[in-house]
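> Going down the list, the protein sequences come from chains A and B.
Just so you know, we're using our numbering here: the first sequence kicks off at 1 and counts up by one.
Just so you know, we're using our numbering here: the second sequence kicks off at 1001 and counts up by one.
There's no promise every hint is true.
[Claimed, not checked] So the derived label-pair ranges between C-beta atoms look like this: (1) ALA288(A) x ARG1199(B): 52 to 62 Å; (2) PHE299(A) x SER1098(B): 35 to 45 Å; (3) PHE79(A) x ILE1326(B): 47 to 57 Å.
[What the hints assert, rightly or not] Partial list, computed: chain B residues near chain A (C-beta under 7 Å): (4) SER1022; (5) THR1030; (6) PRO1261; (7) GLY1262; (8) PRO1293; (9) ALA1325; (10) LEU1328.
[What the hints assert, rightly or not] For lysine to aspartate or glutamate, the following DMTMM-like pairs were computed, each having C-alpha atoms within a straight-line distance of at most 25 Å: (11) LYS1064(B) x GLU76(A); (12) LYS78(A) x ASP356(A); (13) LYS1064(B) x ASP1077(B); (14) LYS229(A) x ASP1062(B); (15) LYS86(A) x GLU76(A); (16) LYS69(A) x ASP356(A).
To be clear, the hints were calculated from the coordinates, so they are not data collected in a lab.
We put the CB at the ideal spot given by N, CA and C, even for glycine.
Listed below, chain by chain, are the residues.
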Amino acid sequence: MQVERQPQSLSRSEADREATPSNGRWHRLRARAERLAGNVFILPAVLVVLFLSIFPLIISLYMSLARLKFVKGGFEIKFVGLANYKKLLAGSEQTHFLGAMAGPSPVGWLVFGAVVVLLLLSLVRYARNRSVSAGGIVGRVVSVVMVSLGVWLLVRTLGPGGRPGTMVVTWIYVFVGVTVQYLLGLGLALLTTQHLPGRRFFRVIFLLPMMIKPVGMAYTFRMLTDADKGPFQPIWQALGLGLYSWVNVPWGARAAVMFSDIWQWTPFLFIVLLAALESQSVEQVEAALVDGANRWQIFWHITVPAILPVSTTLVLIRMIEAFKIVDLPNVLTNGGPGTATESLTLQAFISWRALDLGGSAAIAYSLLFVVTFVGMSYVNLIRRRVTEE
Amino acid sequence: MFRSLFRRRSLFSPSPIGMAVSYLVLGMWTLVVLFPLYWLVVTSFKLPIDVNQGPFYLPFVDFKPSLHAWQYILVGDLSNDTLRNYANTVIVALTSASLALLLGTAAAYGLTRFTYRPRLGAILTFIGCVALAVVAVTLGVPWQIAIVVGLALFVLLLRTVGRRFGRAMGNNDIAFWLISQRMLPPVAVVLPIYVLFQRLHLLDTRSALIITYLAVNLPIVVWLMRDYFQSIPIELEECAAIDGASRYRIFWSVVLPLSVPGLVATFLFVLVFAWNEYLLALFLSGSRAQTLPLTVAAQNATRGPQWWYMSVLILIMIIPVIAIAIALERYIARGLLVGAIKG
Chain A
1 MQVERQPQSL
11 SRSEADREAT
21 PSNGRWHRLR
31 ARAERLAGNV
41 FILPAVLVVL
51 FLSIFPLIIS
61 LYMSLARLKF
71 VKGGFEIKFV
81 GLANYKKLLA
91 GSEQTHFLGA
101 MAGPSPVGWL
111 VFGAVVVLLL
121 LSLVRYARNR
131 SVSAGGIVGR
141 VVSVVMVSLG
151 VWLLVRTLGP
161 GGRPGTMVVT
171 WIYVFVGVTV
181 QYLLGLGLAL
191 LTTQHLPGRR
201 FFRVIFLLPM
211 MIKPVGMAYT
221 FRMLTDADKG
231 PFQPIWQALG
241 LGLYSWVNVP
251 WGARAAVMFS
261 DIWQWTPFLF
271 IVLLAALESQ
281 SVEQVEAALV
291 DGANRWQIFW
301 HITVPAILPV
311 STTLVLIRMI
321 EAFKIVDLPN
331 VLTNGGPGTA
341 TESLTLQAFI
351 SWRALDLGGS
361 AAIAYSLLFV
371 VTFVGMSYVN
381 LIRRRVTEE
Chain B
1001 MFRSLFRRRS
1011 LFSPSPIGMA
1021 VSYLVLGMWT
1031 LVVLFPLYWL
1041 VVTSFKLPID
1051 VNQGPFYLPF
1061 VDFKPSLHAW
1071 QYILVGDLSN
1081 DTLRNYANTV
1091 IVALTSASLA
1101 LLLGTAAAYG
1111 LTRFTYRPRL
1121 GAILTFIGCV
1131 ALAVVAVTLG
1141 VPWQIAIVVG
1151 LALFVLLLRT
1161 VGRRFGRAMG
1171 NNDIAFWLIS
1181 QRMLPPVAVV
1191 LPIYVLFQRL
1201 HLLDTRSALI
1211 ITYLAVNLPI
1221 VVWLMRDYFQ
1231 SIPIELEECA
1241 AIDGASRYRI
1251 FWSVVLPLSV
1261 PGLVATFLFV
1271 LVFAWNEYLL
1281 ALFLSGSRAQ
1291 TLPLTVAAQN
1301 ATRGPQWWYM
1311 SVLILIMIIP
1321 VIAIAIALER
1331 YIARGLLVGA
1341 IKG
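Here chain A stands alone, though its shape is the one from the complex (with noise of 0.2 Å):
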């Protein structure tokens, strides 16, 4: 029996000949095992995420078009079309969601500006060089469009007289959070796979913050970060920054809660890494050696293409989690100063509290919009380039 890519096929057949009369019964069951095994791997778990899945994805759809009133003796949900998505792109929450804009900055003009030559650019590129599908080009202007509105969005709120809302706090927590993880997780695990005499300690010691994640670790680090009777009080103090409390400041706060999620998330990619480079073949690097490549040819020729894959997985699965991120501003700012620190999943959560649940759902459902956008995205055009070659 061979092993292949598509052995269905080929496990079939062969299969059908073991399965002659005279092997007997135990041989017709194991041929009928064989065949089924491609369901029997798959069915189980795409049938328990199903069951849990569908129903809440429904029931929530219908919530993000509707509002919850109370009436004399309970409740009832009334529809109302796509009002609750219009309170947020253009209404009363539109502030609160996107942020207030500003006419942007002449840097923001150029950093616009800049961003849609280059994926013009790179959308005639694809048009001229490679085998054009009409599914790739529809994708692909989407794509730019939807980027270009981002950046826009970013340079009119991010700039001076503007303020960013939850939706572009959420990107820059993602985007700064799954940077600086990866290439920290990365480089830890390089490190500590080199021959270092203890390298085991500090792998185990890097592993600790995963543990405690996300309410202990949330609670934590208001102890750590309480400007008053935590333990950097002398630091702050001496900055001057004693009574005035550091986090009130809208960056300041911000970077507390990037700083916990970094300190949290690092092991997660710091394992998974590890793990990928401790698999890597190490005959390959020892031929390299041989013919005397060095270190940095090593890595980038050898290294690098071996853990690509669980890279480009890791980065989307870390980018999936950081957009829901919800505890750690909760918990250590409370979305303060203002909403200076709100995820967008937070001011689904408190509108939630607020028994608008129409709200909330219209917030997550935005959510699941932006993530699932990306995740194509990012699917599509990167990890497919290469995962496949």
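Given the structure of chain A, go ahead and fit chain B onto it with the hints provided.
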């Protein structure tokens, strides 16, 4: 020349300068990692007054350590709650993580070594039937009847309508669908899941938590393990197949042992998730199936956060996971694949 000498001596062994730099970086990150934990330990031995009067760093020097918080949690007023929730946490986390690893690796193996072509028409029919069933349940039809009718309708439509659409999905689409189930924030998910388990009469049981965590963790297991399986040379499986091993046998005795580093890393991750999950546990458990994170959060009482109790709880919560991590770390060791192909 000097450096190349060193490099040749053993794989990846750094030069003295590189070694010093490595230790410096590793040491710095060790400090960053350990300090919050140190603060937790110190706080757990503090009296409330020691916490509220500002930062004290060293026990016996700055303040007199006290065991009052440990006593309160472990043998005092809270001990019954603590121990029950502790048992719940251990059972729920270990069961759901093991199940997720088992089902998830199987699915990941299927996705790397088989080709699936689920028909788009069949999927759309299925979603339509589920939507109908959901609507029926919200309109007051008992869920058992709704499920049976929905299934019957699905089978019926599949034979007729579902086959017409020629377009099929591939393995990558299945994988993306799986991971996309993690994209909806938990806030939007808890209420429907609560209603679901209420209908199934599973609220406030460990099974509810185990099933939920299993479903939440499966996509991550599938995605992480898929990459490890792809890096395993296919020749090994071919050899086993020639020797007459069945697909299940190959999976269990050839593929799984070869992917131990990935399995360990993945298991640790899903275990820790189930161990510490808060929001879903808050909704799905009343008093009987409560887990430890709920006890921790409950210490943020109306009198303000009780840091000392919280520290103790966080510490006893993480100690077992740390022990498991230390025990499993050595399996993430180099060279499991080395020699496998030669042999």
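> Hints first: check each against the structure and report whether it holds.
How the hints compare with the structure:
The supplied range of 52 to 62 Å is met by ALA288(A) and ARG1199(B), whose beta-carbon atoms lie about 60 Å from each other. Range check, PHE299(A) to SER1098(B): about 36 Å between beta-carbon atoms, so the 35 to 45 Å window is met. Between PHE79(A) and ILE1326(B) the beta carbons are some 55 Å apart, a value that agrees with the proposed interval 47 to 57 Å. Using the Cβ-Cβ criterion of 7 Å, the hint placing SER1022(B) at the interface with chain A is satisfied: the shortest such distance is roughly 5 Å.
Using the Cβ-Cβ criterion of 7 Å, the hint placing THR1030(B) at the interface with chain A is satisfied: the shortest such distance is roughly 5 Å. This hint holds: PRO1261(B) has a C-beta 4 Å from the nearest C-beta of chain A, less than the 7 Å allowed. Taking 7 Å as the C-beta contact cut-off toward chain A, the hint placing GLY1262(B) at the interface holds, the least distance being around 5 Å. The restraint placing PRO1293(B) at the interface with chain A holds, with a minimum CB-CB distance near 5 Å, inside the 7 Å limit.
The interface hint given for ALA1325(B) is met, as the beta carbon of that residue sits about 5 Å from the closest beta carbon of chain A, less than 7 Å. With a cut of 7 Å, the hint placing LEU1328(B) at the interface with chain A is violated, because the nearest CB-to-CB distance is about 10 Å. Taking the CA atoms of LYS1064(B) and GLU76(A), the gap is near 58 Å; set against the 25 Å cutoff, the hint is violated. Among the hinted pairs, LYS78(A) with ASP356(A) is consistent with the structure: their alpha-carbon atoms are about 12 Å apart, no more than 25 Å.
The suggested pairing of LYS1064(B) with ASP1077(B) holds, with an alpha-carbon distance near 23 Å, which does not exceed 25 Å. Using a Cα cut-off of 25 Å, the hinted pair LYS229(A) and ASP1062(B) holds, with the two alpha carbons roughly 14 Å apart. Distance hint between LYS86(A) and GLU76(A) is fulfilled; the C-alpha atoms sit about 21 Å from each other, no more than 25 Å. Among the hinted pairs, LYS69(A) with ASP356(A) is consistent with the structure: their alpha-carbon atoms are about 9 Å apart, no more than 25 Å.
Hint compliance for this structure: hints 10, 11 are not met, and every other hint is.
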